[in-house]
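Trainee: Just need the whole structure built from these sequences, with the hints factored in.
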Amino acid sequence: MGSTVLTMSSAPPAPAAALVSRARRGEADAREELAQKSGDAAYVFALQLTRQPETAKDIAQESVVRFFRALDRFDEGQAVEPWLFSIVRNQVRDHARRETVRRHQSLDAWLEAGGQQAADSEAVDPAVAAERHELQQRVWRAISELSESHREIVALRDYHDLSYREIAAVLSIPEGTVMSRLHAARENLRQILRNER
Amino acid sequence: MNQPQHGFDEALISGYLDRELTQAEAQRVRLHLEDCAECRATATELAQLKEATMSSEFKIPDDGWDETPRGGASHLLRNAGLLVGLAWIVGMTMWLIWELANDPEALIGLLLVGGFLVSAGLILASVIIDRRRAMKNDKYTKVQK
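So the protein lines, in turn, are chains A and B. Numbering-wise, this note's numbering puts 170 at position 169 of the first sequence, and it's gapless, one number per residue. Numbering-wise, this note's numbering puts 549 at position 22 of the second sequence, and it's gapless, one number per residue.
Incorrect hints may have been included.
[Stated by the list, open to error] Just a few of them, taken from the derived set where beta-carbon distance is under 10 Å, the chain A residues facing chain B:
#1 A12
#2 A43
#3 P54
#4 Q62
#5 G78
#6 S87
#7 Q138
#8 M180
#9 A186
[Said to hold, decoys possible] One-sided excerpt, in silico: chain B residues whose CB lies under 7 Å from chain A:
#10 E552
#11 K577
#12 T580
#13 I616
[As the list claims (entries may be wrong)] Negatives, chain B to chain A, calculated, CB over 10 Å:
#14 E547
#15 A579
#16 I587
#17 L603
#18 V611
#19 W615
None of these hints come from the bench; they were simulated from the model. Every residue gets a Cβ at the ideal spot worked out from N, C-alpha and C, and that includes glycine.
Mentor: Here it is as structure tokens:
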């Protein structure tokens with residue numbers, strides 16, 4: 002167990018607080034970079050929650066607009082990601098309320114468009130890379146079958162690499178609840194994968 | 528729910544994998560994993576799932592993101608352009624019909640100009656259809672709350 006090596010997260014790099022500060026001062030290149038980074042991170046999280054690339058794109062764009070609109074209120078002592086992901090999460094919920102979400106209908110499209118790819122660069126053996134890629138596809142397919150609350154907590158921790166404290170802030174739940182909910186989500190994930198064998 | 532028969536809180540395994548436990552808690556989990564094959568297997572499996580999740584990559588759209596929604600002036604100019612284009616096509620078509628009715632010999636010239644007009648009209652129509660569809664799904668109108 003102790004020998005299991007966890008690789009670095011492949012999540013899009015989160016915008017740094019320093020970048021937000023520069024953007025707040027009106028530096029054009031900082032605003033552009035911030036829009037790009039926040040949009041990319043928002044898109045992936047929205048895709049993980051909605052499983053629909055087009056919807057995720059709309060939600061990410063809305064989230065970027067709101068993110069910039071609230072830029073002046075950002076506390077520079079805080080991490081950017083929890084704030085951004087809270088906006089995305091609210092947008093996903095608003096979207097679900099506005100529209101009848103056709104669950105699973107676009108799952109194939111998401112898997113194709115999402116195109117989970119193995120981080121092959123460091124894998125020397127093609128067979129190992131292929132096996133890893135297959136596992137990633139199976140895992141994300143299983144994640145898409147989790148309940149919304151389990152899906153979002155797994156995405157926030159295992160993909161976006163947020164701490165328990167940050168997850169608690171995004172989900173508005175006590176920090177103590179994060180670990181138990183996350184573990185329940187992982188257990189469900191494990192069960193789904195076992196059942197498909 | 529996370530309390531198996533041996534009284535160990537399995538949720539601690541997740542906390543351990545995430546390095547979110549205190550030193551004392553982590554030590555407790557380490558000791559338990561040494562003794563309990565079932566929890567050790569769980570931990571190994573969860574670590575593999577976590578690794579597969581975190582190393583996945585998602586394709587991100589290339590179009591980029593706007594920090595502000597498109598302004599009213601831009602909308603106005605675009606719609607005005609579409610209206611002028613539409614009026615031009617209608618006007619030219621009517622003129623062509625008029626010319627053809629009065630001078631049937633000008634047919635070849637009219638066909639050349641007419642072909643261009645029809646293709647321009649089709650392109651304009653597709654733009655209008657796209658605009659109508661975009662307006663239906665325009666989220667920016669709902670962003671302001």
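Trainee: Hint by hint, which ones does this structure get wrong, listed from lowest number up?
Mentor: Violated: hints 5, 6, 10, 13, 14, 15 and 16.
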